[in-house]
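Visitor: Take a look at the letters that make up each chain.
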Amino acid sequence: MNEFFRIVAVEGLKLRRTLAFRLAVLAPLFIVILQFTIELVRGGEESESSPGLNPLMGFGQGILTFWTIVLLPFCAALIAALLAALEHHGDNWKHILALPVPRTLLFAAKWMAAAGLLSLSSVVLVAAYCLAAAILQAVKPGWSAASWPVITVIQRAFFGLCAAGLLLSIQMWISLRWRSFIPGLAIGVVALVVNIIILPAGMFAANLFPWCLPAVAMAPHSPHRVLGVAWGLLGGVAVGMIACWDLSRREHQ
Amino acid sequence: MTNSPAIETRELTRRFGSRAAVHSLALNVPQGCIYGFLGPNGAGKTTTIRLLLGLLRPNEGNIFLYGEPFTWERRDLLRDLGALVETPSLYPHLTGRENLDLTRRILGVPRARVEESLELTGLCADAGRVVRTYSLGMRQRLGLALAWLGKPRLLILDEPANGLDPAGTRELRGWLRQLAKEHQVTVFLSSHLLSEVEQIADHIGVINRGQLVFQGEICNLRRCQPPLIVWVDRPREAAHLLNAGGWRVVEDSNHLLLVHDVSETEAAEVNRALVMRGIHVYELCRQEDTLEDLFLRLVTPGDAGGVA
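Those sequence lines, one after another, are chains A and B.
Residues 1 to 253, numbered by this note's numbering, are exactly what the first sequence covers, in order.
Residues 254 to 561, numbered by this note's numbering, are exactly what the second sequence covers, in order.
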């Protein structure tokens, strides 16, 4: 177990000065700043994205919706591709796969690094939301009395994150399996388009399609929230384990 | 176990499709030696190294490291082994020291090893710079430092002098000699340049088209008989005659014949046979081969020396 934690720590150290790390921080900031600007420039006392709701909750809901439908799946694809590129670039596999540690641990640690970055994104998202909400409450007179829905926002962001497990595992498998950036990103972009089509249509398939699961799990009144979280999380673990097994058996030519 | 070869392979074969990149390879690398693994580009050197590092699976045959059978599952044996395969595997966005620290943590060796390795490869002053600013030679040094980090008993180096300037190459040779002599490290050094290997190796293996065509001490390679050069007036008839007599003859240009595997006494017999047939022998001599000639003779198609 110690060996595994050592390798996970090494994966963490590899992230220094990487684009993947910057992306994990900047992507949620981007969506919060965008939503914040929209709320700031428009008048009125209700949230732009969810009229009739507690404005702070409406503000959070707008951020979470855009995050789980668009940015989270796209970030997962990019993070997976960038993490895999760290090893594909310069063919570092020939060094790390010749080290005296089980290969499955090396690949499992990569998964942990990717999951860690997505978790970091969610933390940044919630923290940035809190800061933006505090500023909005101070500058928008109609918002000053609104109660803080931080727990609800944290809970929904957490559900969205858990449900992203399956799509992250698929993206990681593809990115580690092929040296080229293209297959991972292409699948990520195509899945994103499918996401945007089937989610608003309310099709049941959305509850099973991996790239839709974060949005399904985060949606306030979704009857399939538990299914989304369970399928995303357990499916992610299962696919991750199969992928680690597959990758560790592969030769490095 | 203590006298077992550092590397031993038996019938080691690896095919890619129908092409055998390595065929029935029987390496025997004694402990504590510097073993030069030579062969032209595409001969199977890197495939052999990837098999030895467990990056590829053999189709047939076995590998033994210090007498222990090395299989895909026995990764613990890699603890005794440090390697530099082709170009160094580095993270360009990290500093030289950080690159070493990553492997150090995975190997679970003390932090002091990083500084030792940096000192040995002369990189202390630049260890704080990110690797993307390093020259090719500095990257190669860092790759060597990575290979040495775990203080392995066996170092496998694939073209380690790539990118090093003459002073760096000389330093590398001194460093490898020091490791072999003072630390009893076995060095398996792959190269396509004989000049690089002959100055440092005490044992040599020559691979060509996936097969080992020579293995032994470097002095034994020097002892291999060069072919007999025979200058005659009717080369085709002479070649036919000598072939019929059981000699292996290659017809060269300008009325020259190269007769292989001929001892001193047999040379006289060759001469007699030709003269008896009425063929004029203008000259009969043996070319003194340099080590490079011997190497080329071993790896030139249709001109195998048969010295394995």
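Among the clues, some could well be false.
Said to hold, decoys possible - SDA-like cross-link-like pairs, simulated, lysine to any residue; straight-line CA separation at most 25 Å:
no.	chain 1	residue 1	chain 2	residue 2
1	B	K404	B	L376
2	B	K434	B	R462
3	B	K404	A	G90
4	B	K404	A	M57
5	B	K404	B	A273
6	B	K434	A	P102
7	B	K404	A	P100
8	B	K404	A	R6
9	A	K140	A	M57
10	B	K434	B	D546
11	A	K140	A	C130
12	B	K434	A	M57
13	B	K404	B	P345
14	B	K404	B	N294
15	B	K434	B	L446
16	B	K404	A	A9
17	B	K404	A	T37
18	B	K434	B	R366
19	B	K404	A	V8
20	B	K404	B	G361
21	B	K404	A	W93
22	B	K434	A	G90
23	B	K434	B	R310
24	B	K404	A	E3
25	B	K404	A	K140
26	B	K404	B	Q431
27	B	K434	B	N461
28	B	K404	A	I96
29	B	K434	A	L105
30	B	K404	B	H456
31	B	K404	A	C130
32	B	K404	A	N2
33	B	K404	A	V10
34	B	K434	A	W93
35	B	K434	B	A420
Honestly, the hints are just simulated from the structure, not real lab data.
Visitor: Run every hint past the structure and note whether it holds.
Guide: Here is how each hint holds up against the structure:
1. Among the hinted pairs, K404(B) with L376(B) is consistent with the structure: their alpha-carbon atoms are about 17 Å apart, no more than 25 Å.
2. For the hint linking K434(B) to R462(B), the alpha-carbon distance of about 33 Å lies beyond 25 Å, and the restraint is violated.
3. Between K404(B) and G90(A) the alpha-carbon distance is near 24 Å, which keeps this suggested pair within the 25 Å criterion.
4. A threshold of 25 Å between alpha carbons decides the hint, and for K404(B) with M57(A) the separation of about 59 Å lies outside it, so the pair is violated.
5. Between K404(B) and A273(B), the direct Cα distance comes to roughly 34 Å. Violation of the 25 Å bound is thereby established for this hinted pair.
6. Between K434(B) and P102(A) the alpha-carbon distance is near 32 Å, which puts this suggested pair outside the 25 Å criterion.
7. At most 25 Å may separate the alpha-carbon atoms for a hinted pair to count; K404(B) and P100(A) meet this at roughly 13 Å.
8. Distance hint between K404(B) and R6(A) is fulfilled; the C-alpha atoms sit about 19 Å from each other, no more than 25 Å.
9. With a CA separation close to 15 Å, the supplied pair K140(A) and M57(A) stays within the 25 Å bound.
10. For the hint linking K434(B) to D546(B), the alpha-carbon distance of about 30 Å lies beyond 25 Å, and the restraint is violated.
11. At most 25 Å may separate the alpha-carbon atoms for a hinted pair to count; K140(A) and C130(A) meet this at roughly 15 Å.
12. Taken as a hint, the K434(B) and M57(A) pair is broken in the structure, with Cα atoms around 72 Å apart against an allowance of 25 Å.
13. Distance restraint check for K404(B) and P345(B): the Cα-Cα separation of roughly 24 Å lies within the 25 Å cut-off, and the hinted pair is therefore satisfied.
14. A distance of roughly 30 Å separates the Cα atoms of K404(B) and N294(B); the hinted pair therefore is violated under the 25 Å criterion.
15. Between K434(B) and L446(B) the CA atoms are separated by roughly 23 Å; this keeps the pair inside 25 Å, and the hint holds.
16. A distance of roughly 22 Å separates the Cα atoms of K404(B) and A9(A); the hinted pair therefore holds under the 25 Å criterion.
17. Annotation: proposed proximity of K404(B) to T37(A) is violated, straight-line Cα distance about 57 Å (limit 25 Å).
18. Simply put, K434(B) and R366(B) have alpha-carbon atoms about 20 Å apart, close enough for the 25 Å limit, and the pair holds.
19. A hinted pair counts as satisfied when its Cα atoms are at most 25 Å apart, and K404(B) with V8(A) qualifies at roughly 23 Å.
20. At most 25 Å may separate the alpha-carbon atoms for a hinted pair to count; K404(B) and G361(B) meet this at roughly 12 Å.
21. This hinted pair checks out: K404(B) and W93(A) have alpha carbons roughly 21 Å apart, not beyond 25 Å.
22. A threshold of 25 Å between alpha carbons decides the hint, and for K434(B) with G90(A) the separation of about 33 Å lies outside it, so the pair is violated.
23. Among the hinted pairs, K434(B) with R310(B) is inconsistent with the structure: their alpha-carbon atoms are about 32 Å apart, more than 25 Å.
24. A hinted pair counts as satisfied when its Cα atoms are at most 25 Å apart, and K404(B) with E3(A) qualifies at roughly 19 Å.
25. A threshold of 25 Å between alpha carbons decides the hint, and for K404(B) with K140(A) the separation of about 65 Å lies outside it, so the pair is violated.
26. A threshold of 25 Å between alpha carbons decides the hint, and for K404(B) with Q431(B) the separation of about 13 Å falls inside it, so the pair holds.
27. Between K434(B) and N461(B) the alpha-carbon distance is near 30 Å, which puts this suggested pair outside the 25 Å criterion.
28. About 16 Å separates the Cα atoms of K404(B) and I96(A), which keeps this hinted pair within 25 Å; it holds.
29. For the proposed pair K434(B) and L105(A), the alpha carbon gap of about 36 Å is over 25 Å, so the pair is violated.
30. This hinted pair checks out: K404(B) and H456(B) have alpha carbons roughly 22 Å apart, not beyond 25 Å.
31. For a cut-off of 25 Å, the pair hint linking K404(B) to C130(A) is broken: about 51 Å separates their Cα positions.
32. Annotation: proposed proximity of K404(B) to N2(A) holds, straight-line Cα distance about 22 Å (limit 25 Å).
33. Restraint check for K404(B) and V10(A): satisfied, since their Cα atoms lie roughly 20 Å apart, inside the 25 Å limit.
34. A hinted pair counts as satisfied when its Cα atoms are at most 25 Å apart, and K434(B) with W93(A) does not qualify at roughly 31 Å.
35. A C-alpha spacing of about 21 Å is found between K434(B) and A420(B), which places the hinted pair at or below 25 Å, so the restraint holds.
Violation of the numbered hints given earlier is confined to hints 2, 4, 5, 6, 10, 12, 14, 17, 22, 23, 25, 27, 29, 31, 34; the remaining hints are satisfied by the structure.
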